[in-house]
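Novice: Now for the letters of each chain:
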Amino acid sequence: MKGEASDLVKITGIPASGETADEATRRRFLELMGASISLATGAGCTRPPTDFLMPYSSDPPENVIPGRPKYYATAAVMNGIAEGVIVESHLGRPTKVEGNGQHPASLGATSVHSQACVLDLYDPTRAKEILYKNQISSWESFIVEFQRVFEAIREARGRGLSILTETVVSPTLAAQLSRLSMELPEARWHQYDPAGPHSARAGAMTAFGRYVNTYFRLDRADVILSLDSDFLAIGQASTRYAHDFAFGRRVRGTNTRMNRLYAVESSLTATGGKADHRLALKYSEIGRFAAELAAAIGTPGIAAAGNQFATWTGPLSRDLMAHRGASAILAGETQSPALHALAHAMNATLRNVGTTVIYTDPLEARPEDQIASLHQLVDDLESGSVRMLLILGGNPVYNSPADVEFAAALDKAPLSIHLGLHADETSRAAHWHVPESHFLETWGDARAYEGTITIMQPLIEPLYNSHSAIEFIDLFFQIPGWNGQRIVRNYWMANSKAPNFEHWWRESVGRGLIANSALPEIAPALRPIDTSSLVQEANAQGLELVFRPDPFLYDGRFASNAWLQELPKNMTKLTWDNAVHVSPRTAKRLNLKPQHVVEIRFRSRTVKGSVWISPGSADDTVTIHLGYGRRYAGVVGNGAGFDAYLIRPSDAMWHGSGAELHPTGETYPLATTQMELSMEGRTIIISKPIDTYRTDPDFVRRINPEPAENETLNPQWSFTGYSWGMAIDQTACVNCSACVIACQAENNIPVVGKLQELFHRDMKWLRVDVYFTGDDEHPKFSYQPVPCMQCENAPCELVCPVQATVHSSDGLNDMVYNRCVGTRYCSNNCPYKVRRFNFLLYSDWYTEQLKMQKNPDVTVRSRGVMEKCTYCVQRIREAEIRARNENRYIRDGEIQTACQQVCPTGAIIFGDINNPDTEVSRLKREKLNYSLLAELNTRPHTTYLAELRNPNTEMPA
Amino acid sequence: MPEPFRPVANTIFRLVLFGGAIAVAAILFIVFLVTRSPYETLQRVPREQPVAFSHEHHSGGLGIDCRYCHVTVEDSSFADIPPTAICMNCHSQMWAAAPDLEPVRESYRGGESIQWTRVYQLPEYVYFDHSIHIHKGIGCSTCHGRVDQMPLTWQEPPLTMGWCLNCHTNPEHYVRPESQVFNIGYQPPADQDSLGKQLVREYHIRKLTSCSICHR
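Chains as they are written, first to last, in our numbering: chain G, 1 to 957; chain Y, 1001 to 1216.
Please note that the accuracy of each hint is not assured.
Claimed, not checked - Okay, the calculated bits of chain G under chain Y, using three or more residues with CB under 8 Å as the criterion:
1. 55-61
2. 65-71
3. 858-871
4. 881-893
Calculated from the structure, these hints are not laboratory results.
For each residue, glycine too, the CB sits at the ideal point set by N, CA and C.
The following block holds chain G by itself, in its conformation from the complex:
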């Protein structure tokens, strides 16, 4: 970890042209002034540069209309599990990812990772060339070397060949690997994902004696208990879970039905913050809590283990038992297998199995204990029995457990090959690095969380000389051509069982899923559950260390994605770093201050990190996130944060007790985008129990009175045509932040780097604010997405000296970039602080690959220009033109803003507020509707629905 501020420039990837404030010398100032004066006078007298038009040579591809995007279905995959997406393509350039409305994991929305993956495709630091010992080599030399070693291996029936993959779910890849194991029976195949569902797998084995896949139908659940599970934000089903959860609490008019979420967790997560009742418990106490709860609901074979948590387990167990068959208990990945097994037993006791809890056969081609699999591989390497090691994706040198000396073992292999998107830590250690194609460049297939299969099609030819894993495996079968389409197509031709394959293929690829391919439900038999380990754990002493996947970088695979690096962490709003999270009370006890560097000692291993105080963390718990401290993640990822894998042993993958924190006396700055977590008693987010709404539906008006419309000196606007507006349902928002990335991708919003974030020069047009109420020990959290309010009495418009921000005839605050001279008066006068200023040339105007990602319908802003949300005005205009070409009005729902389209919970609704029949007008008529900072009488077109909670009156406050 680097402590010096001067290093920040290096580690945060400030744009090349961005000089920093301390470089602003007098000489530089005169240079700039001179240049601006000569530009200002000269620019008017030069002709625009000549532009060229490059039409197709042969007939353009079918149905291509230049100027109109095309959309193709594919799937974004993480840990092998798919989320169906539709990708927008402008003349062959994929620019934006949307959800696939027909896909069960998406329902039209996407996760934050699927949103951001398009930037990975164009990442200029992606691996472009095949490397031998870190020197550029050629495919020809690689094939020669490969064949030489493989010849001997084939004669030995595969002895000496080891393959390490990430979790394999893809049916095609699985078929290839099983063919390989038939042809080369002595070859070994290992799987390892550092943040995969290890505990869930082991828990299923404990509970059922076999591997099963578990998923939840939260739309059928009235009472949900999360035991340290961040199911609303992390995991490839989180988009669907968030959707089902939010639609179970959609209070409209007199429909006041709400589900109830309880969360027991050790660190603060977005799911916990959303819960109606949240209990922060040390990791080790969660097991005891679960055991007590299990006894309270009468789980067979569970003896009462005490009543330490009776104030919680009493009312909670009654609530669960009152909703038998309509409740769900979710165990978090970071919890132990025993707790997962206990959750299965409790769900069975509550008769949830088959209704809210669904079991299927495993999704993985070969579910296994991946830690053991990795240990086995390392043992093989150490013993010298591996002659060729092929690593297909993943980055084990970086992310294998600390006690697994993977890098040292890798050196023992006479030939090691790593296929990866980036020349990362593993590539540097292996002999050969082979560039992997991005999923938007290749054919493939994958299963969703409940088994639905998507055949993935490429949007673009590989940008570099790269191949996919399924193409690479073909090398073993001596099939030339690197033809991924042929491999996937042949597999499905043999396995689809469709009478008319061509029709089936087109239909399946086009829709983005294979109809009726979800896995059938099974009913595995439950074994007796032993809770002794859970109860024992609670006696652990000292500080407990909890590892969690980062909500955005996940296990580190997204470290080179600048959007995700700069996306403020959903609960702490930190950017560009992970931190050592402790509760306020623990910080006080250990005398820790935010941004002080501490050394974490855990089982004789150490790592240094900067402290962040998180209200809502359990006391005596230290939470650190995986995915940072990368050494070879390109200019964006290198050096950001610290590497938690350095102290993560394989027997304590998610937690362990006995950690120590030692202040080093150094400080390390952390960049956060939200300085104030308290509302200071104001009504920024109105949050009340549902009972308040039931008895007094008009409470919002009283708390937050709206001034009369004529209480202003400004001219009144009247909109004769459309008048665009937005309503944001704060009850639905789960703070997944997908909207922020969607906005960034749609509107060509640049990243600024950590140093600029430290100066609070964030550029995101949409932010999700988190406020907490209550005291440090019992905080309650609320989330609020804040785009531009598009005020009618817009404070910004009055102060612009050059009319660069003016009102449009359909209710928008237009922002005219080409007129803006950068006085920043508008931003100073904006009460919502939603305007963003290009202090430097933040947009990358020069890197060819990044140009390809840009949305051609939105201006790329330059230095000295103010910018802000305009309700995706490019989408409005496009729909308007389409409708008027067809001589009709725009239909309600026809225009979706980027944030609305990606939102899994339907928290953002946009439409015409001049038309009383639109969804947004209906929401604005709700009694929960209010304007933010209404007392200013800005008359915003973006309004909020007050947040409602559904607390159990029997529970302690």
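Mind docking chain Y on chain G? Use the hints.
Specialist: Structure of chain Y alone, referenced to chain G:
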């Protein structure tokens, strides 16, 4: 001590003062004129092209419809520059060996684009859409002039914002019946004012002057 300035100095000073102000105004005026002159806007400047394509011949002489080549003009913001394949529809049969057309054949054989010089070039912060103008009765020749009389294509209007707004504020002066949109030689009738007003009503044409109509 004698006075440092003689009375005439006052006059000289006034002259310099007013003269300077006039000079600054004159310079600004000249800059204003230059930026709106064809030197800057390239108005009516025929542009060199890799192939000496003549609209005068194809559109005027042969009477080929605009949409034969500019296929997407009714559906898209972009009117489409024809792929080489469209040229070759005819030129594989006629003038198949003409040396002037070698770049076309070269492009068709090799798969490389013909690099046409863009004639109507808007700044990157301006978003123009062909389809809506076509659908609302704005003819090709309203903006593109008599391309059927252009041996080498030039830009007919100055393409300044004032020129755009002239029509956006007074569409009735320019709108024509939808059937006449592709009529390159269309002349507005004597009663354009009343016809225009009627068409503006009929086509639901709005006077769109909000900034975000074109800038975003």
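Novice: Confirm or reject each hint.
Specialist: Hint check results:
no. : hint    : verdict
1   : 55-61   : holds (count 6)
2   : 65-71   : holds (count 4)
3   : 858-871 : holds (count 4)
4   : 881-893 : holds (count 4)
When held up to the earlier numbered hints, the structure conflicts with none and fits them all.
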